[in-house]
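The whole structure should be built from the sequences, with the hints applied where relevant.
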Amino acid sequence: MSTPANPFEQLAYNISLQIQDGQIVYVGTGLPMVGAMLAKKTHAPNITMVYESGGQDPWEGPMPWSVGGAATFRRAPMNMEMAHSFAMAANGFVDIAFQGAAQIDMYGNLNTHFIGGGFWDFRSRLTGSGGGNDLSSLSENVILVGLQDPTKFPAKLEFLTSPGHLTGGNSRREAGLLGNGPVACVTQIGVMDFDPESKWMRIKGLNPGMTPEIAQACTGFELIVPEQIEHIPTPSDDILQVLREVVDPHGIFITFPPRVK
Amino acid sequence: MPSKFTYNEEALENLRIEDASILDRLIDDESFREGNLRKHRGKIDKRITLQEAVSKYVNDGDIVADTGFSYVRTPMQVFFEILRQKKKDLQFIGSPNTNQSYVAWAGCSKYSHNSYIGAEMRGTDRNYSRMVKDGRVKVLSEWSHGSMGLGFKAAQYGAPHIACKQLLGSEMLKYNPFVKLSRDPWSNEPVVLVSALHPDVVFIHCQQADRFGNAKISGPAVNDIALAYACRKVIITCEEVVPELVMRFDTKDTCIPFMIVDAVVELPFGCLPGCCPGYYYWSREWWEWLMRIGLKSDESIGSFLDYWVFNTTDQYSFLEKLMGDLGGLKYLNNLKRLEKAEEYLIEDIGVDFSYEPVIPKTE
Numbered sequence: 007m008s009t010p011a012n013p014f015e016q017l018a019y020n021i022s023l024q025i026q027d028g029q030i031v032y033v034g035t036g037l038p039m040v041g042a043m044l045a046k047k048t049h050a051p052n053i054t055m056v057y058e059s060g061g062q063d064p065w066e067g068p069m070p071w072s073v074g075g076a077a078t079f080r081r082a083p084m085n086m087e088m089a090h091s092f093a094m095a096a097n098g099f100v101d102i103a104f105q106g107a108a109q110i111d112m113y114g115n116l117n118t119h120f121i122g123g124g125f126w127d128f129r130s131r132l133t134g135s136g137g138g139n140d141l142s143s144l145s146e147n148v149i150l151v152g153l154q155d156p157t158k159f160p161a162k163l164e165f166l167t168s169p170g171h172l173t174g175g176n177s178r179r180e181a182g183l184l185g186n187g188p189v190a191c192v193t194q195i196g197v198m199d200f201d202p203e204s205k206w207m208r209i210k211g212l213n214p215g216m217t218p219e220i221a222q223a224c225t226g227f228e229l230i231v232p233e234q235i236e237h238i239p240t241p242s243d244d245i246l247q248v249l250r251e252v253v254d255p256h257g258i259f260i261t262f263p264p265r266v267k
Numbered sequence: 002m003p004s005k006f007t008y009n010e011e012a013l014e015n016l017r018i019e020d021a022s023i024l025d026r027l028i029d030d031e032s033f034r035e036g037n038l039r040k041h042r043g044k045i046d047k048r049i050t051l052q053e054a055v056s057k058y059v060n061d062g063d064i065v066a067d068t069g070f071s072y073v074r075t076p077m078q079v080f081f082e083i084l085r086q087k088k089k090d091l092q093f094i095g096s097p098n099t100n101q102s103y104v105a106w107a108g109c110s111k112y113s114h115n116s117y118i119g120a121e122m123r124g125t126d127r128n129y130s131r132m133v134k135d136g137r138v139k140v141l142s143e144w145s146h147g148s149m150g151l152g153f154k155a156a157q158y159g160a161p162h163i164a165c166k167q168l169l170g171s172e173m174l175k176y177n178p179f180v181k182l183s184r185d186p187w188s189n190e191p192v193v194l195v196s197a198l199h200p201d202v203v204f205i206h207c208q209q210a211d212r213f214g215n216a217k218i219s220g221p222a223v224n225d226i227a228l229a230y231a232c233r234k235v236i237i238t239c240e241e242v243v244p245e246l247v248m249r250f251d252t253k254d255t256c257i258p259f260m261i262v263d264a265v266v267e268l269p270f271g272c273l274p275g276c277c278p279g280y281y282y283w284s285r286e287w288w289e290w291l292m293r294i295g296l297k298s299d300e301s302i303g304s305f306l307d308y309w310v311f312n313t314t315d316q317y318s319f320l321e322k323l324m325g326d327l328g329g330l331k332y333l334n335n336l337k338r339l340e341k342a343e344e345y346l347i348e349d350i351g352v353d354f355s356y357e358p359v360i361p362k363t364e
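Protein chains in written order, with my numbering: chain A, 7 to 267; chain B, 2 to 364.
With a straight-line cut-off of 25 Å between C-alpha atoms, the simulated BS3-like cross-links for lysine-lysine are:
1. B:Lys87 to B:Lys57
2. B:Lys89 to B:Lys297
3. A:Lys162 to B:Lys134
4. A:Lys158 to B:Lys134
5. B:Lys297 to B:Lys322
6. B:Lys331 to B:Lys341
7. B:Lys175 to B:Lys111
8. B:Lys253 to B:Lys341
9. B:Lys337 to B:Lys253
10. B:Lys175 to A:Lys158
11. B:Lys5 to B:Lys181
12. A:Lys158 to B:Lys297
13. B:Lys89 to B:Lys111
14. B:Lys139 to B:Lys181
15. A:Lys162 to B:Lys175
Simulated DEER-style distance windows between Cβ atoms:
16. B:Arg137 to A:Ala223: 34 to 44 Å
17. B:Asp307 to A:Gln222: 49 to 59 Å
18. A:Gly124 to B:Lys89: 24 to 34 Å
19. A:Glu236 to B:Ser304: 48 to 58 Å
20. A:Glu251 to B:Gly328: 23 to 33 Å
21. B:Asp326 to A:Gly122: 30 to 40 Å
22. A:Gly123 to B:Pro358: 28 to 38 Å
23. A:Glu251 to B:Leu346: 22 to 32 Å
24. A:Glu236 to B:Ser188: 37 to 47 Å
By construction, these hints were calculated from the structure, which means they are not laboratory data. Please read all numbers here as calculations on a predicted model, not as lab measurements. C-beta atoms are modelled at their ideal positions from N, C-alpha and C, and glycine is treated no differently.
See below:
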């Protein structure tokens, strides 16, 4: 028996389950990368990974530290340019893109600009959009990834960097954006999705030990609680072994509590 | 001074830009073309030193483009030389524009066309955050990587602007004077118009170039092909200067033609402490020091830059310091080995990619 999955390992596993075999997956660094590589090593061997700096379909190798690093274009048949890699999303060649953010609201809109005030009097300025806005605007499906707590999941964003379902309902389509927008939000609590009509975030499945009350306590807006909630299993020993020994053998991203980066 | 163009008014107000003429040069297609018409047509030997290139081509107030991808094929040694020569009031643009942080701290760059500042998993940039907050850096526009990339592409293709689906619904639309919400004239669907962008000066690090400026980039070009065509002054820095015949017999990876290039600087190790595909890995230790200690406070970044920039003279004295602190020639050789192994140009079985932080956790 392996040691049970820690919260990051469970998160990586849940991310991997969002990916279907054969898809083109746009990945950033961190847990989404771990989840995508786990998917490739388990149920989805035929996915293709693409990266915003231009790398695509790299030969299997070490975990990339950066979305521009060598592992992202390792023996790649060709490399794209940045504008081209986002054009692939606009043209319908990106099935899934992963997004993290400092703040996520009930419609899956994201803030990566600043927290604690306004544009001029923030407490902390963050990275800015990077490719986040492009992927949120253009990809067919967006999967949000985050650690859920009421400040990171507020009722109102301090700045809307990347669009989710905007103000809900049909507003994303009316704004002229492409794709389905956020289809899932994967956190240490479980997996949320969005109500098909209102586009408001709702609980889809909960990790072992989690309850709707815990989920709500970790959220700054009211979550929709459906009648049926999935119980997400813990990853099997086989999967944990792949995760720990093959995908992230140095524990760069799955060590808990997190190691110093 | 009255501005030449009609900008997004709401953005000017939100960004508190009183004199919009500061924005004009970035989107002035006409003066860009005029400048290009005056460029030297002949195939001449364009090689000069880095010191000469920065001195001659970077003027105070210029709009400077960040190239590569934060620390991937980015000529960081050029930025260090800009610091040493104490250039002033530069506008910085790039997707990402990570290297603006320390350039701004040294007083060289006051203005920011921002898309992404930070080093991914290594964290956000506390120095840039402080400088924006206390007004030492003024943000002139907010971008996504892709929309800024399209501005460079529009310039490369000679199009005054380009319509796209990025930025729709985002508050960045209200913080960017160079983009406008519009409608597609055929479908009537909402689109965002992005102006063609012409930074004043760009340094692009290539693995190889010939003495006339024909240049090869291997690995992701990111925005650099577009930038080479979009910018007013183009300087190629390269690991190696190769004979022209190399360019003619092996056209693989050649993407920048000599006629758009103003100068060529042979600059081995020019990307250190970042990486150069095919040549060397980034110094993970240096970046850990920068992000965790260097950027922490004004004092810490001051002594950090004193040590790494103001007390070095060029890439070689920088490299000697780096090797001196981290294990000599063996360290340098390991940087070469890691890069080639990760790209799978050499056998990677037996190559250790693991990294142990050099700063104790209790720091």
